[in-house]
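Asks: Single-letter residue listing:
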Amino acid sequence: MTKSTFKKKFLPWLLPIVIILFWQLAVQLKWIQSEFLPAPTEVVQTAIVDWKKGILQKNISISLFRATCGFVIGGGMGFILGLLSGTSKLFRKTFDSTIQMLRTIPNMALIPLVVLILGIGEPAKICFVALACLFPMYINTYHGITSIDPDLLEMGKSYQLNTVQMFKQIIFPGALPTILMGVRYALGTMWTALIVAETVSADSGIGYMSTNAQQYVDVKTIYLCIIIYAFLGELSNYIAKNLETIFLEWRNSARSLTEE
Amino acid sequence: MALIELDGVSKKYGDKTVLKNVSLKISEGDFVALCGMSGGGKSTLLRLISGLEKADSGSIKQENKEISTINSDARMMFQDDRLLPWQTVIQNLLFGDKSEERIKLAKRLLDRVGLIDYQNSFPASLSGGQRQRVALARALMSQPKVLLLDEPLGALDALTRRNMQDLIIKVCSETNITTILVTHDVQEAVRMADKIWIIKNQGIAKELTNPERNNQTAEAQLKKDQLVETALSCILDNN
Ligand SMILES: Nc1ncnc2c1ncn2[C@@H]1O[C@H](COP(=O)(O)OP(=O)(O)OP(=O)(O)O)[C@@H](O)[C@H]1O
Ligand SMILES: [Mg+2]
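Going down the list, the sequences are from chains A and B.
Using the working numbering, the letters of the first sequence correspond one by one to residues 1 to 260.
Using the working numbering, the letters of the second sequence correspond one by one to residues 1 to 239.
Don't take each hint at face value.
[Unchecked claim] Label pairs and their computed distance ranges (CB to CB):
no.	chain 1	residue 1	chain 2	residue 2	range
1	B	Asp15	A	Lys168	39 to 45 Å
2	A	Lys168	B	Asn201	54 to 60 Å
3	A	Asn162	B	Arg108	54 to 60 Å
4	A	Phe172	B	Lys104	26 to 32 Å
5	A	Asn252	B	Lys98	21 to 27 Å
6	B	Ser72	A	Phe172	23 to 29 Å
7	A	Ile246	B	Ser125	29 to 35 Å
8	B	Pro85	A	Ser34	52 to 58 Å
9	A	Trp13	B	Ser142	24 to 30 Å
10	B	Lys107	A	Trp13	43 to 49 Å
11	A	Gly76	B	Lys12	45 to 51 Å
[What the hints assert, rightly or not] Distance condition first, Cα-Cα at most 16 Å in a straight line; then the derived EDC-like pairs of lysine to aspartate or glutamate:
no.	chain 1	residue 1	chain 2	residue 2
12	A	Lys168	B	Asp97
13	B	Lys65	B	Glu5
14	A	Lys157	B	Asp73
[As the list claims (entries may be wrong)] Residues from chain B that face chain A, not an exhaustive set, calculated with beta carbons under 7 Å:
no.	residue
15	Tyr13
16	Tyr118
17	Leu126
Read the hints as simulated data drawn from the structure, not as lab findings.
Note that beta-carbon positions come from the ideal geometry of N, C-alpha and C, so glycine has one too.
The shape of chain A in the complex, shown without the other chains:
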């Protein structure tokens, strides 16, 4: 019991801690000397200073705001479109190939257009993030619904489930694992899109902090921004994972049986 909690909880952290300790030592004992490699403690100091000035909170919250808005709008639209494509033949025939075609356009290619239409304000950045979240959610929702076991659908039909029951009992829960994979993936593309948007044109946010620091050769802040991104990424992973444990309890019950 104690051994397994050690393995589960502590082991994954071991390597990062060792690396940071080594890094600290290497800089402090002057094994490595470079203006591009500040000691971890210096990065922490920068963080504290920025926090006291209020810059850090402000930029993190504006980035989180953009990310959340973009995800909710784009992911929500992707989900709804995927739902429609998955359940209605007519909708699928009309829209799917167009959406698939749009999907192949690289996100970055849209920046100039988005900036031109929406300017460089908040709507542009949110729109950019939303576009990045829309497609993974669309694809996964659509795929999840269309790949449901036809035998289960036939069972539902022969047991005379009505449309609502069919959706609530079979279609949605059957597609949910794939949809949550879409959520996980969209959370990834969400950060990437946000970094790009904030790097290209912004006067606030973590991405802006980082580009700004680059101009002043403020290496510590750049590291700080990278670390913040890593934490935010980890946070969204954590959220995705928890959604899976909450909603896919049935899968865990099956898995724990085969594991133990």
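The hints should help you fit chain B with the ligands onto chain A, whose structure is shown.
Replies: Chain B with the ligands only, in chain A's frame:
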């Protein structure tokens, strides 16, 4: 009066005739077993009665009503249990309808199939036999007049299978439900059914009766063994 009546029913898939001009009558309370070679059309016949397939010609009636859509007075049990893996055992019976009487009925049926202690387990944590018990309980939820069994025991090991046979016989005789069982296993048919019909050459080639079904004496056993032989030779006979 017959409960189920087929008259001149034919069914084709593409160019392939599966059933040709089939007529049959099944009375209330009958336990009929359909035996025959693989691909002979047993499942098709069952699916026609359940309303999952439509006949190309002829009429299929239950209680004198033509079956045109899903037959609401018949429930099918499939070879694979087709339980919803994301729902617990009892949820699988309820299909989201949590009215007090549905829950009461579900619990009573789970009790009857011996799984009341598992009502909150997920299907993945049950054995194959237990899952088929849940499927049986689910089929009985709407209290159908007819139970359609498409080789529901095919994937089970011999001992579990015997247990399930006994359970189905017990449940069916208690409720006096009319049952049609599709099986490859002639011995199973003789153990469970009081009528055994051989499906062959796109139709019912032979109707055998099994009057000694519930009789366990040595003499009756001998007759049942003979019946198995008769059925087997009829299935395998090439003419
Ligand atoms: N949906 C379908 N489309 C095309 N052909 C089908 C379809 N369903 C069944 N068939 C064909 O009809 C024939 C009869 O099938 P059916 O499933 O009724 O046989 P069966 O007697 O139940 O066989 P088994 O014992 O193997 O289950 C088979 O040749 C099969 O290939
Ligand atoms: Mg079959």
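Asks: Could you work out which of the previously given hints the structure breaks and list their numbers from low to high?
Replies: Numbers 2, 3, 7, 9, 15, 16 and 17 - these are the hints that the structure violates, sorted from lowest upward.
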